[in-house]
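**Q** Chains A and B supply the protein sequences, listed in that same order.
171 is the number that numbering that gives the first Met the number 0 gives to position 172 of the first sequence; each next residue is one higher, with no gaps.
67 is the number that numbering that gives the first Met the number 0 gives to position 68 of the second sequence; each next residue is one higher, with no gaps.
Watch out, some of these pointers could steer you wrong.
Distance condition first, Cα-Cα at most 27 Å in a straight line; then the derived DSS-like pairs of lysine-lysine [what the hints assert, rightly or not]:
hint: 1; chain 1: A; residue 1: 10; chain 2: A; residue 2: 222
hint: 2; chain 1: A; residue 1: 99; chain 2: A; residue 2: 57
hint: 3; chain 1: B; residue 1: 117; chain 2: B; residue 2: 135
hint: 4; chain 1: A; residue 1: 10; chain 2: A; residue 2: 213
hint: 5; chain 1: B; residue 1: 135; chain 2: A; residue 2: 57
hint: 6; chain 1: A; residue 1: 85; chain 2: B; residue 2: 117
hint: 7; chain 1: A; residue 1: 238; chain 2: A; residue 2: 213
hint: 8; chain 1: B; residue 1: 117; chain 2: A; residue 2: 99
hint: 9; chain 1: A; residue 1: 99; chain 2: A; residue 2: 213
Source of the hints: derived by calculation from the structure; they are not laboratory data.
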Amino acid sequence: MAIEFDSSSPKFAEYAEPGRLVTTEWLAERLGTPGLVVVESDEDVLLYETGHIPGAVKVDWHTELNDPVVRDYVDGEGFAELLSRKGIARDDTVVIYGDKNNWWAAYALWVFSLFGHEDVRLLDGGRDRWISEGRELTRAATTRPATEYPVVERDDSAIRAYKEDVLAHIGNPLIDVRSPEEYSGERTTAPAYPEEGALRAGHIPTAQSVPWAKAVAEDGGFKSRAELDAIYRDGAGLKDGDDVVAYCRIGERSSHTWFVLTHLLGFENVRNYDGSWTEWGSAVRVPIVTGAEPGAL
Amino acid sequence: MSASDLPDILADIRDGFLETPEADRLLLLLEYSDELPAVSDEVANHPEMYERVAECQSPVYIYVEVNDDIVTMHATAPPEAPTTRGFASILVQGLTGLTSDEVLAIPDDYPQSIGLTKAVSPLRIGGMTGMLMRAKKQVRQKR
């Protein structure tokens, strides 16, 4: 049974899908409600263990959502096994939160969406806001009774782009959400991040640079509808009906932008290129542009 | 490098992880993370002495002293980076008190040998390797 949407926030009401976000207050009041599962998903694999929202389960992007051998996500059976073990049912409302302004939370939400899990939401402001408000954290292990999550085949067609799709897409709306230094080709990784396996630097021809963090407000939550429209419609020139592809380094920061474009601004055809720069920047003979301009094919 | 090059304390730490069921190894790493000592005021007041470990995704800084050929390692990493703190804590506990020769003889693949590759992911283990390499480099420069 689905849980009611959070209608307490005037900011949310302006979004295309107001129900995709919840406030910390809303969540705090509903912890333990049957049919609601809270999921923490962080970059740091140990952060959940240092203290998490009471009752929250952990889903790790690297060790649980990714296939251990092939560079791909788990398949339908793997996802069913994972969610059954976590105690999540197919019709549960899932609220995901995490570190780094919800990068990994948005990534997890996107992967849940590949399997068509219908009701999956983000906690606006993420882990940092929960902590900054002095809300309860616990190290107590969460035990939820196992469920029988059905085996649902993953559907990559609507929201995931492969390298071949991107090659055919060049010249159409393409958003590079990495830092300006990565976009221009000064470096292959985010500032303050390790070098991580891309042989060339720069960006995909015709891609516009819209760093993911532009969507984040000073308070750590998402910016308002009007501010986001100014960035993505007025600034980047996206129009209703556009077919958009977003990418970053491994697909996590672009999941954040995918969430904004799809659920907050209502674009219907947005795909995340999860191969992103670690694939494109090492692929043989794909076109690359350096410098601050999008460039031409 | 042979296994006998591994100092006893690092061997004990490794065995502690390997003897722990895989599912509980993260909790053992959390214990190390919690144990990372605060750096002394002397070091804390001189941030220029620290070297940033660029291989780690979170800000971690190390400083290695060599006094009368005995190594002391200091490290600092923020609470929101507990994995990195755990790695740093293992090395601080494992290297401090060794001679410079003993530190330099530590096998470079020690981080891969402690049974965390699966629980933490190979990518993340790379941060600990970077920390060990940089600690050894400082020992070479300072002894």
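**Q** Confirm or reject each hint.
**A** Status of the hints after comparison with the structure:
| no. | hint | in the structure |
| --- | --- | --- |
| 1 | A:10 <-> A:222 | 8 Å, holds |
| 2 | A:99 <-> A:57 | 16 Å, holds |
| 3 | B:117 <-> B:135 | 26 Å, holds |
| 4 | A:10 <-> A:213 | 17 Å, holds |
| 5 | B:135 <-> A:57 | 35 Å, violated |
| 6 | A:85 <-> B:117 | 19 Å, holds |
| 7 | A:238 <-> A:213 | 18 Å, holds |
| 8 | B:117 <-> A:99 | 23 Å, holds |
| 9 | A:99 <-> A:213 | 14 Å, holds |
Consistency note: the structure conflicts with earlier hint 5 alone.
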